[in-house]
Amino acid sequence: MGCVLRAEWTKARTSPGMSSLLATMVVVTVALSAAVAATADPLPGADLPKLGLTGVQLGQAVVAVFGVLVMGEEYATGLVTVTVTAVPHRAMVLAAKAAVVIGLVAAAATVAVAGCVLVGWLLVPTGAGVPTGALSSAAAGLHAEVPVPAAPSPDAVAVRPAVGSVLYLVLIGLLSLGVATSVRSSAVGVGIVLALLYVLPIVTAVVADPTWQRHLRQLGPASVGLAVQASTADPEIGPWTGLGILVLWAVGALLAAAILLARRDV
Amino acid sequence: MTAFARTLRAEWTKFRTVRGWVLASVATAALIVAFGLVPGMRGSCGKTGPGSECRLPVGPGGQEVSDSYTYFHQPLSGDGTITVRVGALTGLLPGDDPNQPRHGLAPWTKAGLLLRAGTVQGSSYAAVTTTGAHGTRLQYDYTHDLAGQPGGPGQPDTSDAAGGSSGTGSAGPRWLRLARTGDTIRGAESPDGVRWTMIGSARLPGLATTVQVGLFVTSPQYSGEVHRGLASGAFGGPSQATGTFDHLAIAGGWTGTAWQPDVVGGERDAVGDQLDGPATGAESVERVGDIVRLTGSGDIAPAVVGAAGLGVSLSQTLVGTFVGLIVAVVVGCVFGTAEYRRGLVRTTLLASPGRTRVLAAKAAVVGTVMFGAGLAAAAVVVVLGQRVLRGNGVYVHPTPTLTEVRIVAGTAALLALAAVLALGLGTLLRRGVTAVTLAIVLVVLPYLLAVTVLPAGPARWLLRVSPASAFALQQATPEYPQVANLYTPVNGYFPLAPWAGLAVLVSWVAVALAVAALALHRRDA
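Line by line, the protein sequences are chains U and F.
With the numbering used here, letter number 171 in the first sequence gets 317, and the count goes up by one each step, no holes.
With the numbering used here, letter number 518 in the second sequence gets 509, and the count goes up by one each step, no holes.
The hints are simulated quantities; they were obtained by calculation from the structure and are not laboratory data.
Check before you lean on any hint, since a few could be wrong.
Computed, partial: chain F to chain U, Cβ under 7 Å [to be verified]:
1) Gly78
2) Val310
3) Val321
4) Cys324
5) Leu420
6) Val424
7) Val435
Just a sample of chain U residues kept apart from chain F, beta carbon distances all over 10 Å, derived [stated by the list, open to error]:
8) Val211
9) Leu340
10) Val345
11) Ile348
12) Val349
Using N, Cα and C, we set each Cβ at its ideal position, and we do this for glycine too.
Extracted from the complex, chain F is given alone in its bound form:
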C-alpha cells in the first residue's frame, strides 16, 4: 500500500465514522431531490394538472419553435421568383403602462417575403425580410440567420435596452427578392429595385414541388428590463407591426390562383390556446390597388425560455443545488477545521508527515463523496423532475440526452469543487466560521446578487469571474442572437460556456488548495 493510499484510507475512515458528516452528505442529495420534485408550479398555459401541458410546434431540426405571422400568399409550383418593395414598417410596443402601448418597433420585427413548405406550424421555410433594428436578413428553418445590409424602412427603436442599434445603412423603402431553384432559395435586396445585392442562399432539403410563397409580417414578444434603484425586474408583452408593400411582381411557375390572406399561429391554435403568438387581435390583411398592408404579431424563430418565451428549462428544476451547496460547503470546511478543534491535526501530521499528501487525501475524500451525492441527486431530478413538472402542466423545454448528462455531471462537479474549495479555505483559515462564511460569499452570493440586485452588465461580469460561474454547467437551452429575450440566470442562461465556467471554478479551487498547502507547510500545526 502506497503512502498516499494509506493516508486516503485514514481520511476516509475519519469521514465515514463521523455520523454528522455522513448524514449531511445524504442530506445534500435529499435536499436537491426534494426541491427538484416539489410539485406546485403552475401550468404554463394557465391550466394546472395532468394532460394540460401545452405544446410548441416543432421545426425541421427537431427543436421547438415559435411560428406565428400574418401571411398573404399563393402556391408556387417549381421554380420562380417574387419581388416586392417594403414601403413602410410601423408598430406598437408595450409601454410601462400595459394599457398604453407606445409607437415603435421591436428589434426583431419582421416584414418581407416568405417561402414555406406549407402553412402548418413548424414547417420548413426561407424568408428574406426587413427588421426593426437589424437590417435586412435571410433567415431559414428557424435557427439560421444571415445578415444583409443594415437599415430599412422601419425606424429603429433606439430607446430599447434589449435590442441593437440602428446600424449605418440608409433608412427608407427596401426592395426584396426571393428566387427558388429546386430546393435552393436565394435572397437579394436593393435600395431602388435596380441595383441588387445578394444576401445569401438557403438550402431546404426535401422541399416539395409546390410551396407557398408570399408576403409576411410578424412582431415578437417584447421584453425590457426595469431598474428601480436596486430592484430590477422585467416588463414586456406582445408587440404588433404593420408593413406596407407595393410593386409586387412574380415570375416562374405560379399556379395562377388568387392571393390568399392567412393569420398563422396565435389564436388559431388547435387546442384553442394561444401558444407563442401573442395574438393582439389586430392581425389583418388589407389590399388597396397595388398596395398590400399586413398587420401581424408573433415570431418565426426558435422558442426560448424566459420573458420572450414559454415554459421553463431543465436548469430550473435544479434549484435545490443552492441548498445542497451550503451543506457541501459546511461539510468540506468542517472536514478541514475539525482537525484543529481538538488538536487531532498534530496526530495526523505525525502519522503522515507529507502535509500536502494529507490535504490531497482530504480533498479526494470530500470531493468524491460530494460528487457521488450530487450525481445521484441530479440524475433523479433530471429524470423525474421533468415528469413531475409535465404532469403538472408545465412546459419543460426538451433537452438532448448529452446535455442532460452534462447537467447531471456538472451539478455533481459543482458540489464536489465547492466542498474542496471550502476545505482549502478551512485549512488555510483554521476557523470554521470564517471559512464557511467566505465560501458562501464566494460561491452563492454572486449568484444571489446577479439574480436580485445587479443590472445585467455587472451581473454577467460577476458570473464570469466568480466561482459562481460554474453554474453555467446547468444551462439547458441555448441563447439565440436572433431572438430578443432577457437571457438571465433566473431563466437558466449564463454568460459563460459550460466548460469555461467549470474552468473558472477549478482555477479558484486550485488557488485555494495551493495556498492552503503552502500555509500547512510553513506554519506550525
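Bound conformation, chain U alone:
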C-alpha cells in the first residue's frame, strides 16, 4: 500500500495543471467570499459566518474538476493499463487515489477556508448581525426561500461552518473521484458532478410543491452538505446529519467505482 500511495502521490504531484488547479481553487473561493463580504449589506439577522463562506459554492466546481481529473487523466492518456498492470489489486489503486484526494483537497481547502474566514473577519462590518429569529418571511402563504433562523446561536458556533466547509470540499472531491472512475471519462464525470451540485438546486428552487422541495433539499449533495455552514441549525437538515448524507454519497460513488473497476476491463 505504501508503494501504491507513493506512486499516486507522484502522479498527482507531477501531473501538469494539478497544483495550479488547487491554487485556482483557493483563489476563486477566497475571491468570491471577499467580493460578497465587501459588497454585502448584512441586515440584522444575517448569517455572517455563512455569508463569508460563499466562495465555497464556486470552489467546489474546481474541487470537482480536480477529483475527476485524478482518475480521468488515467483513462484519457491510457495510463490506466500500466497502472493496473503494476498494481493488480485495483481497489488498492482507488484507495490510494482517494487518500491523495483527501490529503490534497483538505490542505487546499483549509487554506481557502482560512482565507475566507480572515477576509470575512476583515471586511464584514463588525457587530452587524447576530442571528436572531427576526426574519419571518412566510407571511400570508407565500412560500419563502429564506431560511428562518430559529434561535440565537452560541458564540463558539463559527468553528463548525469553517471545519464543515473543509470536510464538505473533501467529500465533493471523493464523490468526483468515484463518479469519474465509474464512467471512465473526465468530461462525463464532471458533467454528472456539476449536475448534482448546480442543477439539483435549480430544480429544487423551481419545483413548486413544498413536499418535493423538502425531499430534494434533504437529498441533494450540495444542499445537505452546505447545511453545515448555517450558524443556526437548519430546521430541515441538521449540520452533521447533512454532512453524513454527503458521506453516504461519496462512499456510494467510491463503492460503485471499486466494484466497476474490479469487474470490467479497463
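Add chain F to chain U, keeping to what the hints say.
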C-alpha cells in the same frame, strides 16, 4: 455527393455508432419528460386531486383576470356622467411580521369611479381611479392602462421596492369624472373640481344600455423582496385600503334606484374559495351624510403568475430542461474532444482537409440530434404536463397555441445551441473536462445565481448578457406594468424578449465556433 455531404455523413456515422452518445441523446429527452410529468405539485387552492383545480374569472379579451373590489353603485341606463372627489386614501400593508400590518398603500391600490357591464367577475369595465403611487389612471377591460396626472390623495409608500415613485404631481384630494356616450367612456380629472383635464377615452364594444356605475376601492396583493446577505426571498400578502369620497354628483339617464353596496370577489366566490381577492375580512361600505367610505381588498387587473398571483405558468413544467442541458453539453463537448483522445483527429483531417467543414458538419450533426430530442421532449411536456398538473389541482395559466409552439421550438433550440457551444469549446480547448465545466458555468450557473443568490438588478443584468438569456424562449405569460409582482425567473419571467434571448445565445455560439475554427486552422492537429 458534395464534399460537405460526405463529411456530414462521416460525422453522422461517428455519432450514430457510439452507443453512449445515442443513449445520452435519448436520456436528454427522457429526463425533460420525466421532470415535466412528475406529479406531486400541491394544488393551487390548498386542495389536491382531480377536479379540485380552481378557476380564475375570464375577461373580455379571453385572458384570466383578478376581479375583486368593494363597490358602491347603481344602474345607469343610456348616457350619463358621474363626478366625485376622492378626499383621502389610506391603507394597511403586510409587514415583515404577518401579525403586524403597517400603514401604507400598495403602489397599485385603486380608489375611484367604475363603470361595468355587470358585477359578474370578468365583465367589461372602465374605471378612472387614483392609485397608491402611479397617479390618476384610466383603465379598462383589465389590460388597458392610460396615465393621467401624477400625485393624488394617497401617500405613496416610498419604502416599497416593488413600486414606483411618488411622481411630481400635487398630493391631496382629486376630483374624478366618468362620462358615458354609447359604448365610449371618457375619463377626466381635476385638482379642484373646476379645471378639468381629460385623461383619455375607452371604447367598450357591445356595452349594454343599462350598466352599473359607482365608486370602488381595491388594494392588490402586496409583494416585496427580502435580502438577507446572499439569501433572498419573497414576502407579502394581502393589503387593504380605505377611500373617502364626497361631492358625489350624477347626471343623465340614472334609473333613480338607491345606491347599493357590494363586495365583489374574495370570499363571495361560487365554490366558496378565495381566488384572487385576498379577502382580509375588512371590506365595508360606510355612508355618513355626503361622505362615503369604502374599504376594499383585491385587484381589477390581469392575473399573473408569482407572488401576486395564483398558479404556475407553462414554463415551470419544463424544469427538466436544465438536466437535459447538462447531458446535451456533455455530448456536444465529448463529440469534439473524443477525436483528440485517441488521435482520430489526424485521420479525420487527412480524409477531409477542409477543417472548417469538419467543424460545421460536427455542429450540424450534434445540433440536429439535440434539436430533435428537445423538440420531442418539450412537445410531450407541453401537451401532457399541463394535464398532469391540472389533474392534480394545480392552476396552470392557459397559453396561446402560438406561444406553446414557440416554447417547444425554443426549448429544442436551447438544447441544440448549448450542445454546439460545448462542441466549439471542446474543439478549442481539446480537454473535455475544462470545456464541460466552462459550458456549464456559462449556461447553467448564471440562471442558478439569478434564482438563488443575486438581488433582482444584477440577476436581470446577468440574464441579459449570458448564454442563459435564451431561457427567455420559455416564458409563457406576459408581464404587466400595471400589476406589481415579483417578475423573477423562478416564476417564469425573463428580462429579455424571447427572440432577443435567442439572439444572445446565437452570438455566443457563433463566437465560440469562429474561435474554434480559427484555432483548428492555425494549430497542429
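Structure-based check of all given hints:
| no. | hint | in the structure |
| --- | --- | --- |
| 1 | Gly78 | 30 Å, violated |
| 2 | Val310 | 5 Å, holds |
| 3 | Val321 | 4 Å, holds |
| 4 | Cys324 | 6 Å, holds |
| 5 | Leu420 | 11 Å, violated |
| 6 | Val424 | 4 Å, holds |
| 7 | Val435 | 6 Å, holds |
| 8 | Val211 | 6 Å, violated |
| 9 | Leu340 | 5 Å, violated |
| 10 | Val345 | 5 Å, violated |
| 11 | Ile348 | 5 Å, violated |
| 12 | Val349 | 5 Å, violated |
This entry does not satisfy hints 1, 5, 8, 9, 10, 11 and 12, going by the numbered hints stated previously.
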